[in-house]
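These protein sequences, in sequence, are chains P and A. With the working numbering, letter number 149 in the first sequence gets 149, and the count goes up by one each step, no holes. With the working numbering, letter number 66 in the second sequence gets 66, and the count goes up by one each step, no holes.
Don't read these hints as lab results, they were simulated from the structure. Note that the Cβ used here is the ideal one computed from N, Cα and C, for glycine as well. Any given hint could turn out to be false.
Label-pair ranges, simulated between beta-carbon atoms [stated by the list, open to error]:
1. A:74 / P:327: 41 to 49 Å
2. A:299 / P:169: 17 to 25 Å
3. A:161 / P:211: 40 to 48 Å
4. P:82 / A:95: 44 to 52 Å
5. A:292 / P:346: 48 to 56 Å
6. P:80 / A:100: 47 to 55 Å
7. A:79 / P:99: 14 to 22 Å
The list that follows gives simulated cross-link-like pairs (lysine-lysine, DSSO-like), each with its CA atoms no further than 27 Å apart [said to hold, decoys possible]:
8. A:279 / P:289
9. A:146 / P:41
10. A:222 / P:289
11. A:279 / P:311
12. A:172 / P:283
13. P:214 / A:222
14. A:81 / A:160
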Amino acid sequence: MFHVFYTNKITKKTDMNNPLIKLEQVNTWFPNNKSILGKPKFWIKAVSDVNLNIIEGECLGLVGESGCGKSTLGRTILRLAPLYSGRIEFMGEDIGQLDGKVLKPYRARMQMVFQDPKASLNPKMTIFKVLSEALHLNSSVAKENYLEQAVKLLDLVDLRPEHIFRYPHEFSGGQQQRICIARALATNPKFIVFDEATSALDVSVQAQVISLMKNLQKKLNLTYLFISHDLSIIEHVCSRVAVMYAGQIIEVQDAGSLFDTPRHPYTKALKNAVPIADPESRKELGILKGEVPKLSDPPSGCHFHPRCDYKKDICSKKNPIVYKIDENSWVRCHFQEELWQQGVLINSKESL
Amino acid sequence: MNNITLNKNLKPASEVEPVLKVRDLNVAFNIPRGQAKILEGVNFDLFPKEILALVGETGSGKSVTARSLLNLIPGRSGETKGQVLFAENDLLLMSDKELQRIRGNRISMVFQNPQSSINPVFTLGEQIFRLIRLYLSAAVEDLKQKTHCSQKQAIETIAKEKLNEVGLTDIKRTLKLYANEISGGMAQRYRIAMALISSPEILIADEATSALDVTVQAHILKLMKDLCKNKQTAILFITHDLGIAAQICDRVAVMYAGRIVEIAETKKIFANPLHPYTKGLLKAVPKLGKNEPLSFVPGIIPDLVNPPVGCRFHRRCDHIMNICRKQKPESLKFEDNHNVSCFLYKQNHKENRHE
Ligand SMILES: Nc1ncnc2c1ncn2[C@@H]1O[C@H](COP(=O)(O)OP(=O)(O)OP(=O)(O)O)[C@@H](O)[C@H]1O
Ligand SMILES: Nc1ncnc2c1ncn2[C@@H]1O[C@H](COP(=O)(O)OP(=O)(O)OP(=O)(O)O)[C@@H](O)[C@H]1O
Ligand code: SF4
Ligand code: SF4
Ligand SMILES: [Mg+2]
Ligand SMILES: [Mg+2]
């Protein structure tokens, strides 16, 4: 029933060698313009030296400390944040240097859904207006078909046609997020960034939205980047997970294994801080010692070294290279091999 | 103890007086389609030193509850009825001027959407300095005497200390920034620091840690627990994260469509959830390391312009009986520190069963 609209359905299998998005040495730095001369005094290195492939059809999770650059990375891929250096490939095309009109068709194929659906829907617009605005960016839909198309979009996200002339405040949080998803789908995207898109929802409504997301992903062959603080939801939704710390990706693994067998000390720290929904097993939540790093002046060497229990001399001197674990996974830590051999990162029972 | 009989059932074992008593709180909003009856007969107590979790479906009225506790629902958009008793006074009857002296001082709040609750036209520094001048003048004087520094330096030192407590770094730079220049997590930590400056008797935290990653969250949760212990602050902790409720809260209240359907000691509600909605909610919690499919409560929250008669959950309930469509289930005591509003737990409930 979506064939009118979703003409270019792609049925390729997941292919490691043929990523939908390929990031090479990507840096997103924000200038700090507080100096009088107009020259930035220093840069806020929100994303530094990121190399990452996002494979067609996958749901890649992105976790990491508040303020470490997750949203900025998502926005960088969508070319909504200033790229300082590096290369962004989307569907085989280098879009990092494109601008204006040339960029527009690519932008439409990439969408973002945010945490707060209420804030991202204009309260004065009916749902039809909201969706029409988005359909405007989709050149394959003629204006006289907007209504028909909007109804189809609502159907995709399990809302009813009679909802179309209502206003956002008449919907529950979960329904509003469905509307945001419908709006994202209006431009016929291939890639969607979900930035904390379910964290404002209660667990039950979250489960409903997640199941919708998963169905849509299959139906429309979408590729997702799923940013979240909730490790258990990441584990449920994603196929692979990237862990970010102070602007860098420090570990990538399959979702099924990441939290069982973390390879990076920071990943382990994350896991230890998860509050478990069982009052009978109360524990001191693992608090990371030390301070959140400054992105304007990140620690030397391994960015995590001031807070790492396993650091040695070299850690403050040299930024670790990427160690490949297998085809899908890698880690950035000088001592990953030793830590793995010693088994110190694999949690024993007491921590869960 | 007084003429309010309801709270007998809602009290924890200790005999301390609550700092806040909410009685029969009703909030209705006027919307184009009619009047939406968002809160109906909300009752609960908040005790000193306790952390009470308020959980429930998105849109069930948790934030409206939080806002109406401070009489923040504007009269032209809605109608608030009932009582919110704080230090013998009903906050709902107070003038704006009287409320100003309580809000942000004796009762502090941290809201959802941290960015939008920070004034965008002042730097973070300007805003926190103002609060420090307002509430911590004694500490400022103290510091001036001790270190022979200027007023400005003293205020800045204290600001740095307070922001450090919530795990913010690079504070010198941060103080010069505006709300739109910081990440969600930074904004939330900043808001929490601001809320604590006045050492409030009550802190209302509405999804205060949802924007934070788990390690920073752990830090803030510890800060809040210490606050309860050391400064007697009572915390109403609104959250979707049942992990937090389980780990740090003393009691849990479950809200559904504007009513508190169950309230109990944390251990009791997790071990023995009674209300069908609570059961469904607890089942939907995703568990780390167990890749079971996520379950959810089917259906959506009812339209509150025409709310269902009787139990507001009845259209989604697997255990519905005839009476559920007719009568509102009152809160009843199942055991000590465990109350539920559901006809299944009425002694003679079997007579009411339909099938
Ligand atoms: N437009 C901007 N101008 C200046 N600095 C910015 C801008 N946007 C983001 N930053 C800075 O970049 C850093 C990363 O921010 P980002 O929003 O990407 O973090 P995040 O990982 O998404 O955090 P959170 O989990 O809190 O949402 C922060 O230090 C933030 O202050
Ligand atoms: N000013 C208002 N006018 C009309 N309706 C309102 C207003 N404020 C809130 N509502 C409605 O009241 C209901 C309860 O909203 P509230 O924000 O309290 O839910 P919540 O439990 O906090 O949900 P969430 O978990 O998503 O934060 C919603 O249906 C909302 O649309
Ligand atoms: S490189 Fe060194 S400091 Fe960094 S995570 Fe590994 S052991 Fe720790
Ligand atoms: S009162 Fe009736 S409808 Fe409501 S939850 Fe109990 S059994 Fe279900
Ligand atoms: Mg973010
Ligand atoms: Mg809310």
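What's the verdict on residue 222 of chain A and residue 289 of chain P, does the C-alpha distance respect the 27 Å limit or exceed it? Holds, because 13 Å separates the two Cα atoms, which is no more than 27 Å.
Take the C-beta atom of residue 74 of chain A and the C-beta atom of residue 327 of chain P, compute their distance, and say whether it sits inside 41 to 49 Å. violated (58 Å)
Would you say the C-beta atoms of residue 82 of chain P and residue 95 of chain A sit inside 44 to 52 Å of each other? The hinted range 44 to 52 Å holds for residue 82 of chain P and residue 95 of chain A, with Cβ atoms some 49 Å apart.
Check the hint pairing residue 279 of chain A with residue 289 of chain P against an upper bound of 27 Å on the C-alpha distance. violated (37 Å)
Kindly confirm whether 14 to 22 Å is satisfied by the beta carbon distance between residue 79 of chain A and residue 99 of chain P. violated (52 Å)
Given pair status - residue 311 of chain P, residue 279 of chain A, alpha carbons within 27 Å: violated (45 Å)
Holds or violated: residue 81 of chain A and residue 160 of chain A, Cα atoms, limit 27 Å. violated (42 Å)
Can you tell me whether the CB distance of residue 292 of chain A to residue 346 of chain P sits inside 48 to 56 Å? violated (22 Å)
Given the hint that residue 214 of chain P pairs with residue 222 of chain A, test it: the Cα-Cα distance must not exceed 27 Å. violated (35 Å)
With the threshold set at 27 Å, check whether the alpha-carbon distance from residue 146 of chain A to residue 41 of chain P stays at or below it. Violated - the C-alpha atoms of residue 41 of chain P and residue 146 of chain A are around 35 Å apart, more than 27 Å.
Does the Cβ-Cβ separation between residue 80 of chain P and residue 100 of chain A fall within 47 to 55 Å? violated (40 Å)
Just to be careful, I want the Cα atoms of residue 172 of chain A and residue 283 of chain P compared with a cutoff of 27 Å; is the pair within it? violated (35 Å)
Checked against the numbered hints given earlier, the structure breaks hints 1, 5, 6, 7, 8, 9, 11, 12, 13, 14 and satisfies all the rest.
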